[in-house]
Amino acid sequence: MVFRIISVVAYLVLAPILGCLLAGLDRKLSAKMQRRVGPPILQPYYDVRKLFEKEKQSPTRFQDFYIIAYLVFLIGAGAIFFAGGDLLLVIFTETIGSAFLIIAAYSSNSPYAEVGAERELLQMMAYEPMMLLTAVGFYMFHGSFTVHDLISPDRMAFLPMIGLFLGFLYILTIKFRKSPFDLSMSHHAHQELVRGITTEFVGRTMGWIEISHWYENVFILGFIFLFFTNGSVAGCVIGALVCIAAYFLEVLIDNCFARMKWQFAFKSAWIAAIVLGMVNIFILQLMF
Amino acid sequence: MAYVTKSPWVVHYDGSSCNGCDIEVLACLTPMYDVERFGIINTGNPKHADVFLVTGSVNEQNKDVVKQIYDQMPEPKVVVAVGICACSGGVFRDCYNILGGVDTVIPVDCYVPGCAARPEAIIDGVVKGLGVLEAKRAAMLENPPAKAEVAEEAIGEPAEAAEEIEEGGNS
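If you read the sequences in order, they're chains A and B. Take the first sequence: its letter number 163 is residue 185 in my numbering, and every next letter is one higher. Take the second sequence: its letter number 148 is residue 132 in my numbering, and every next letter is one higher.
Since the hints were made in silico from the structure, they are not lab data. From a predicted model like this one, the values you see are computed outputs, not experimental measurements. Just so you know, not all the hints are guaranteed correct.
[As the list claims (entries may be wrong)] Some chain A residues near chain B, calculated using beta-carbon distances under 7 Å:
id : residue
1  : Q65
2  : V216
3  : V224
Here a beta-carbon is modelled for each residue, glycine too, at the ideal position from N, C-alpha and C.
Here chain B stands alone, though its shape is the one from the complex (with noise of 0.2 Å):
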């Protein structure tokens, strides 16, 4: 098995959401669910991200932010959403300034449907992307990713997403 899905580390982004769905995210860390037991950490640097969890639906505003944050993450990753907002809209849905789903963006790998996803569902969730995780992780060995392509991947600009990501946790 390999060991990126013993120590998955989670980076959370907050795109449109009413919070719910982010309080949920949190109560996985608390005692009563305790996702370190699983080594999930919650970390706040894409960089040394393994799962991208995004909460609530994409907008005009933030899609570049979004997928900045998963461009800087390095492979294997996986995307999980996170709540009905994250799947499709939700009731954001026609709202003029929503995209949709996250999937709109990035590839997304696994849906937590919900308003708002229980913990146990997040946790689930998350589960399930280990899975995926460690099939990309088994096809990144067969053929690793173009150096060329990680570089520029990597100069961008990791001060604005990350300020980005402050902000949106802590809204």
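One chain only, chain A, in its complex shape (with noise of 0.2 Å):
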């Protein structure tokens, strides 16, 4: 139980500090691979002091109490997932915090926004599936939902599991916000849309939205790592190396990349849930 508490409050402190670091190496290794300086490591974190400098402004005041749910919710995903609950939980409560995002691009009444909120919502419907199925392929390995007796089983789920773990892979790009698959925003500048569903979002609205993006990449992150523990140090560290080569991948996919449209991110996505994961579900059914 204090080992429980302990690693929520490690979560809470150290993910956006985490999330914060890795946004900032993305844009540095972005930057690195299109031969540009790039900015500081901390520039998300000066984007975000900034933010809450700014003067606030808001098109409806109900659009920063969803804002304000959606970080919560998300904290609150994260925070069972590392307490060790439910992995199931975990998924139903990012979708609910992902769902206060599009209510408050909707709230906005901006066209802009809207199809920003629009093309979140397919998104959403576009990863959704292989997020499941990736929960009932550690429930069929393990025979277990928590994430409390995934994170310490006596067998590395990766190889009878490595459908779903390429699956989740492709999803990553979708979750990340990563082109090709970055329609309904991107952390890139200059784009189509003006600024898809963050587009009215003002000064710290904005700086809760990007706070948010941090929480939720660690646990996303997470994710990834569930594959590799085995109970030992060494399955630990197989699994932070992949999350950061993981990490790495979709950077470089961010970069190699065009946005496409949201018919083949929907369409490619359900392709690889069907194939790869649903598959691999039926080879863990043969196998044990």
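From these two lone chains plus the hints, build me the complex, please.
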């Protein structure tokens, strides 16, 4: 119990720091890939501090409420994950959080934010089946949905679940809002739809969204980590290394592809979920 | 030091420029000059922007657009007029539809003359603007802007102005 509390507190404190550094490294790495110098590693931190310095401005007074709900549910989802709670509950809590972001965008009545919100919904529809299949796969392999049981099993889930891993890697691009699937909003500057789903979020509201992304990115990488833990130190080290490698891969993909249409994002994510995910689940069914 | 000077996000609007200055503004983003190393991002959204870069003189058709983009930007904000047309109207000054420089419509904090303004000069102008931005931030802390006014400003019609930006940027 004490360990769980420590773990949650560590998540609440360290996740934004880690997420901020990851975002900073992302921008630095992207700049290097484009042969630029790039901003300092702490640039995302400066950006958020700046956003909190800006004037308050909001098209409706409900918008900020929805954004705070988004932040709270995302932090909650991560907290359940790091407390060793139920993996399904983590996914559902995160889905509710994402829904609040979409409602916030709709509440502004701005056409750009609305198109962004619609695309965000499509993205959710694209990645959600794969997220659930991953949880189902973990259950079939380890016989439990709780992260507490998944974190210290006796065997590594990676090889028997390699199809689910690859499928999860595919939707990771959507979750991290990387090109070619940065339909609703992109972390890059110049783009269509003005600024997509975040068009109407000004100043500190935008700052809260950035902080939510930091929290979200960290516990999404936690999913990757679960594929590699086997109760030993070596498993943890491999898991951490693969998390870093996966993040690097996403940055590389981000810099290599132009944005695709939503039809492609939707179809390909479902094909990945069916081909890689479902086939893997059938194999797990035969094996165990 | 205020954090606003460490991450100035820029919104760029082409008034009635010949596109010479616009090319130079975009040149600032290339690996050669790479303004992102100062945290500068060229955003398409006035609501996220701190620095308003205007190229070209203001005419009868786009004066409302320039005003609206300016109004949509949250405080603290600065306006940088890039190129001689944006400063004073340049060679187009006497045209029947030209009002003159950007300062005929909105307050300008920093003038970058040149035809076209060089990327070095533009970066220099933005950095000068950052000083103003910091001063405005300090002034804002002392007497914050009135709330009612802000809410009214925010209602406006974001779509139209934003559309204009896209068109202006691509022309």
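Self-check item: chain B contact restraint for V216 (chain A) - C-beta distance below 7 Å
Solution: Because about 5 Å separates V216 (chain A) from the closest Cβ in chain B, which is inside the 7 Å limit, the hint holds.
Exercise. Against chain B, run the beta carbon of V224 (chain A) and see if the smallest gap drops under 7 Å.
Key: holds (5 Å)
Quiz prompt | Agreement of hint Q65 (chain A) with chain B interface, Cβ distance less than 7 Å | solution = holds (5 Å)
When held up to the earlier numbered hints, the structure conflicts with none and fits them all.
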